[in-house]
Amino acid sequence: MTDNLFREEVRAFLERALTPDIVRAGELMTSVFADYDATMKWHRALHSQGWIAPDWPAEYGGTGWTLNQRYIFQEECKLANAPSLPAMGLQMLGPMLMLHGTEQQKDYYLPRILSGEDMWCQGYSEPGAGSDLASLITSAVRDGDDYLINGSKIWTSYAQHSNKIFCLVRTSKEGRPQAGISFILVDMDSQGLQVEPIVGLDGTVEQCQVFFDNVRVPASNLLGQENQGWDVAKSLLEFERGGHNFTIDHKKQMAKINKQANSQRDADNQLWSQNPVFTAKLADIAVDALALEYTELRVKGAFEAGGNAGALSSLTKVVGTEIGQRFNELSLEVMGEHALVKQLDALQPSYQGDTIGPDCGLTTMAEYINNRASTIYGGSAEIQRDIIAKRVLRL
Amino acid sequence: MTDNLFREEVRAFLERALTPDIVRAGELMTSVFADYDATMKWHRALHSQGWIAPDWPAEYGGTGWTLNQRYIFQEECKLANAPSLPAMGLQMLGPMLMLHGTEQQKDYYLPRILSGEDMWCQGYSEPGAGSDLASLITSAVRDGDDYLINGSKIWTSYAQHSNKIFCLVRTSKEGRPQAGISFILVDMDSQGLQVEPIVGLDGTVEQCQVFFDNVRVPASNLLGQENQGWDVAKSLLEFERGGHNFTIDHKKQMAKINKQANSQRDADNQLWSQNPVFTAKLADIAVDALALEYTELRVKGAFEAGGNAGALSSLTKVVGTEIGQRFNELSLEVMGEHALVKQLDALQPSYQGDTIGPDCGLTTMAEYINNRASTIYGGSAEIQRDIIAKRVLRL
Amino acid sequence: MFIEYSEEQTMLHDSADKYLRENYSFENRQAALARDAGFNAEQWQMFADLGWLAMTFEEEAGGFGGGALETMILCEQFGKYLVLEPYLESVVLVGGLLEAGGQTAIKQQYLAGLMAGELQGALAYLEEGHMANPQYVAAKAEVAANGYLLNGHKAVVLNGPEADLFLVTARTGNDVLDSAAGISLFAVPKNAPGLSCKNYKTYDGRSACELQLDNVALDAQALVGVAGEFSELAEPIFSRAIVAVCAEAVGAMDALLNATVDYTKQRKQFGQSISSFQVLRHRMADMYMDIELTRSLLMATAWKLDNGSEDAQQCVAALKAKVGKAGRYVSHNAIQLHGGIGTTDEFSVGHYFKRLAAIGVMFGSRDSHLSRYMQFEI
Amino acid sequence: MFIEYSEEQTMLHDSADKYLRENYSFENRQAALARDAGFNAEQWQMFADLGWLAMTFEEEAGGFGGGALETMILCEQFGKYLVLEPYLESVVLVGGLLEAGGQTAIKQQYLAGLMAGELQGALAYLEEGHMANPQYVAAKAEVAANGYLLNGHKAVVLNGPEADLFLVTARTGNDVLDSAAGISLFAVPKNAPGLSCKNYKTYDGRSACELQLDNVALDAQALVGVAGEFSELAEPIFSRAIVAVCAEAVGAMDALLNATVDYTKQRKQFGQSISSFQVLRHRMADMYMDIELTRSLLMATAWKLDNGSEDAQQCVAALKAKVGKAGRYVSHNAIQLHGGIGTTDEFSVGHYFKRLAAIGVMFGSRDSHLSRYMQFEI
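Residue numbers (numbering that gives the first Met the number 0), protein chains in the order written: chain A, 0 to 394; chain B, 0 to 394; chain C, 0 to 377; chain D, 0 to 377.
It should be emphasised that the hints constitute simulated quantities derived from the structure, not laboratory data.
A few of these clues could be false.
Only some residues are given here: those of chain C computed to face chain A with a beta carbon under 7 angstroms [claimed, not checked]:
id, residue
1, G128
2, M130
3, L148
4, I236
5, I334
6, G338
7, G349
8, V360
9, S367
Backbone N, C-alpha and C define an ideal beta-carbon position, used for all residues, glycine too.
Excised from the complex, chain A in its bound form (with noise of 0.2 angstroms):
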């Protein structure tokens, strides 16, 4: 099939399944999270399509699309105002299952992850443990055919609505710290396990903090072999990095600020899409987000070619979420005091009530805030120099 006419078959499929909504729900995004009920439908509905996981190979439930079929459907879905799904269970760990989990593992998580029965969150980060993650301590102490757990999880998106959490666990504190950490699975019911949600700036919960309590889990759990969990979670951590398509976002944000310029007057009560300095600095960024377009497109053709994103990943890690804090950053100048108006409920794609001030503002300040943490998570801006003076400039 040609790319143009994959490119139609989608544009329909989403016509047919994309519900209002749904479609408000992506419209009304304020971070990489859409509102969960509308996620969970559409997750369903691409479910039903068979279209859940076009990056799982087919055997295991992908779509068996060529990368450029694959990267049609998640430009469409974006600007078809599609919400995100959560990468947890779809981007992260089925990847990790695949090359590390046993047959029995793959054959009870997989499906359970297309169909949306299982929805999962990441337990890495410790209170002491940010962008050192070797230095966690939250420990899993083998009792019997079982692990008791005992500590604490935080930044864990989504917890409160996953009924699974994969999580790097001490197992041991010999030898060099990664050395005794393992990998493994736990019930998000299991006894002793607490979710206390974490209030964001924006006034919504997104993180959470998950509390370890003598935490029995069965030592089937374990993802790969006991204290070789740092193996399994690198290349995670690889995945998480270099997995995402910044350019989708960006191109998003475009639309966004277009509308925002179109519809707001400067101080000389032109509209701003026809203030020069606007335009200049919208420019600027435009070129940026182009450079890293192609770039992005470098690194699939290295794909292609067989080959992997290499250093090219800490770059499009770093200059996407800047670029996306930068078109944040103009927005906010263009809604002005707009922008302050907090409306949590008309944030919900279910609301029916009026909302204060133009639609287009209606985000602006929850993004500008929420996309901070752009350059905090999945490796910090500041971690992803050091890997490039590092592992690039062989500093």
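Once you have looked at the hints, place chains B, C and D on chain A.
Chains B, C and D only, in chain A's frame:
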């Protein structure tokens, strides 16, 4: 005398004393130094007026002016395009002689600095010791009543015009590296001393390397005690950092760029001064320059109150030089290809021929090139930030 | 120039710092934030008792005759302690405009109450889609029997839900909706028939509302200042308000830098305090420089306003532009260096960040002020 | 997209790199710089013999049919080795315009010579005070017996002193001096009566001149392209030229980063290699990112130009703007990290810096290109 009356007196003097060739030398400055001959002519004019050293105490030949008056004098000189006077004698060695010199040294050297009879250069940096001055290795070994100096000094500005050099030399390898350094005054015509000019990127010579091959210097030429040169130098370095008034430079740059923007035309054939993107960029720099101006006034206020620049002197050095560089970059955009034309002859105040391209662009590229060094010398921008982190923020 | 504080000013600074340090902990502040009003009425009363609310009014009006410098001194402390109480809205804006242009009856009715902390005010001057331009006024005031009849809509009226008195801009002449000429200001009591509010909170924890005016009838005394000349009346008050928010910003940035320095010293990663990482050290040095530069501009601007310097307005524009850039730089890096906890509601860092974001968009964007700055001779 | 190099393209890249590495040392380059011409005529002949000068001409004209990608591949190497020879001026600009619009006689007279390295060209299109706008043309071409009579002045004609042939813009119609319509291009031999040059060097070591035309009489065959339609003729050639200088910039930035990485590893201060300082490490990481981003944009632009993509022109504007920013960032920091020696004439770093500065001002400033970029639908 009121400040306004004083200002008028200064203006009257400048009107009289600043002959066109001297002004032209000021206009044609492309670095902190002006044409040598014109500079010395101006030095002598100031000396006859008794105004050569406003910052010196009256007993040593200063003017007895208030801090405000000294500021006004500096400002009027710069805005009238008087050439800058080299700092090495008047601003650097002079004050240190007053602090650390013997009566004999003061009686001999200070008047010769005032008259211009001695031109000093500074021998601190070495090829292996730039920012890390304490690691210098040029040695002075006691031999009877003399020292024998061996080694070399680099980045000695104006050495080609100087008859004297003050140096930091190693007199001991014991203890901390700083502990074995002495401060010594050397005649440039000593046997074994050789000056090699270093051609700068603009094609002119401002820096030299000075080689010492068994240069014999009387021990009485030590300034301060043996092995205590670091303390002498430290107060000098502080002075070099805190002493410069960047605002006056910036005003001159602002005037220059306004001239350029009022004569050159943009892609729409408008004067650049009418181009809103250009003016926004200029305003951005001008606002930072204004904030620096009031910061320099705070520093001055602290001096007046008997305090010292303290923390703010690293700030003014970093911000002052970086603002200067931003002006240079913006000038380059306005002058376009005109800035490419290299006319070293036309940069001489004595030049009588035709110049190529607009006169307002004659110095643009050379200033841009030469000003890159401003964030390197006198404690690099990185060193200054280290200092702020350590001394101000106590990190 | 340069300024030295008078003894009274130094005392004001020290006593405000002391009072807030002892009585305005972040925990208490968070508790107040959760209230409907979004602030603590008892604190407001204390501010009045301490004389802060009357500080900048003329002595004949019952104030202490303070100027932009006193406003700056107070607001810098408000910024440092993240004070929620509506000093800007009620005192600087409404109080300032009333004092400058209110007719005797209205002044008598409200001014003493504002200073005593008994009454609150809110300025309603923005209209939807035109945040950058207070001179865009579509709301209309028609001359009617014994006064005026107001119709229109006002957006993002800060402190509106708490206001006893609204000052509302409406057009009395000139049909060009964005013309500076022809705008008038009216005092509208909260219970005026035809006035309705839609209340909400702002991201930085203030209360605000949209104001709807349907045939609101006012008597002639409601006019504040000369008819059609709101812009002239407002200029000095907006200048004062810009000094107020910029002083708040400097206080907030200072607090953020201190918090960041402390945090990075304590926080360990890779076996060492993260304050030992040179990149973070230089980042904090840059934050420091931005703050001190902004502070210099702030002090100079306040001083020039009080001394009627001819370049005072230019400094106001420069100041707001500088605060726009510095506020972003400092708050973004404070969050970045705090990492995860900087993004949560329970630590103060994020609240400073949100307040700086709000200040950044208030009274015109950075670019508007840069463009204003260039309109002066430089 | 995305591009893969053909086998021929890979060979071109590798052989250019190899030839220059072996034959174009910095010392030789500095020796050539000191010559009057500012370059090495023997090198130029070698470039011709290697087929580089003919690379991008059509096969029927005796070339090898290369496009923007081949231009890019060559020029990136020229940038990497700081090649002084006037490939841009003689081949890309003059060769390109002649091939696109030259009349048969002129083509026959010059094109083969240009490709063979025997003749040189220079484009004279800028006028004083209007560097940002090639469409400002005050020079006039009047129709005269059998041809044209040219009068006017042209500024900053790169490679002028070495040129056997000038291509000169002059206005044949339309009295609006900055109108795109009515500009024509003429081939003027260096010995044409009435033509005079004032020669000089540029800061980046090129030779250039100001051109004076006093009643220069040309026959009708001297017209290049359609009368009055220079702008249309030139657009694709300027696009190619922008790719050429931007590729040169990428090569130069690459060389600067490599030099900086090497230098910081060797240079010791405070008892350690300065490459161990995190601030410098991150600076180099940022240099790397800027270079790779620019490279991506460069490759895409060249590819799009060769493939006639409808967004090719938009990419050209984006590319030149990006090079403006990245070239400054990379070269400034290369000098900063080299410290003193970066500011001297004897090390290569400063020469890369000056070439990047020159590229930054050529063919329109960063802001002009950003503004052009926004004129396309995005």
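Hint check results:
no., hint, result
1, G128, "holds (6 angstroms)"
2, M130, "holds (3 angstroms)"
3, L148, "violated (26 angstroms)"
4, I236, "violated (17 angstroms)"
5, I334, "holds (5 angstroms)"
6, G338, "holds (5 angstroms)"
7, G349, "holds (4 angstroms)"
8, V360, "holds (5 angstroms)"
9, S367, "holds (4 angstroms)"
Violated hints, in rising order: 3, 4; the structure is consistent with all others.
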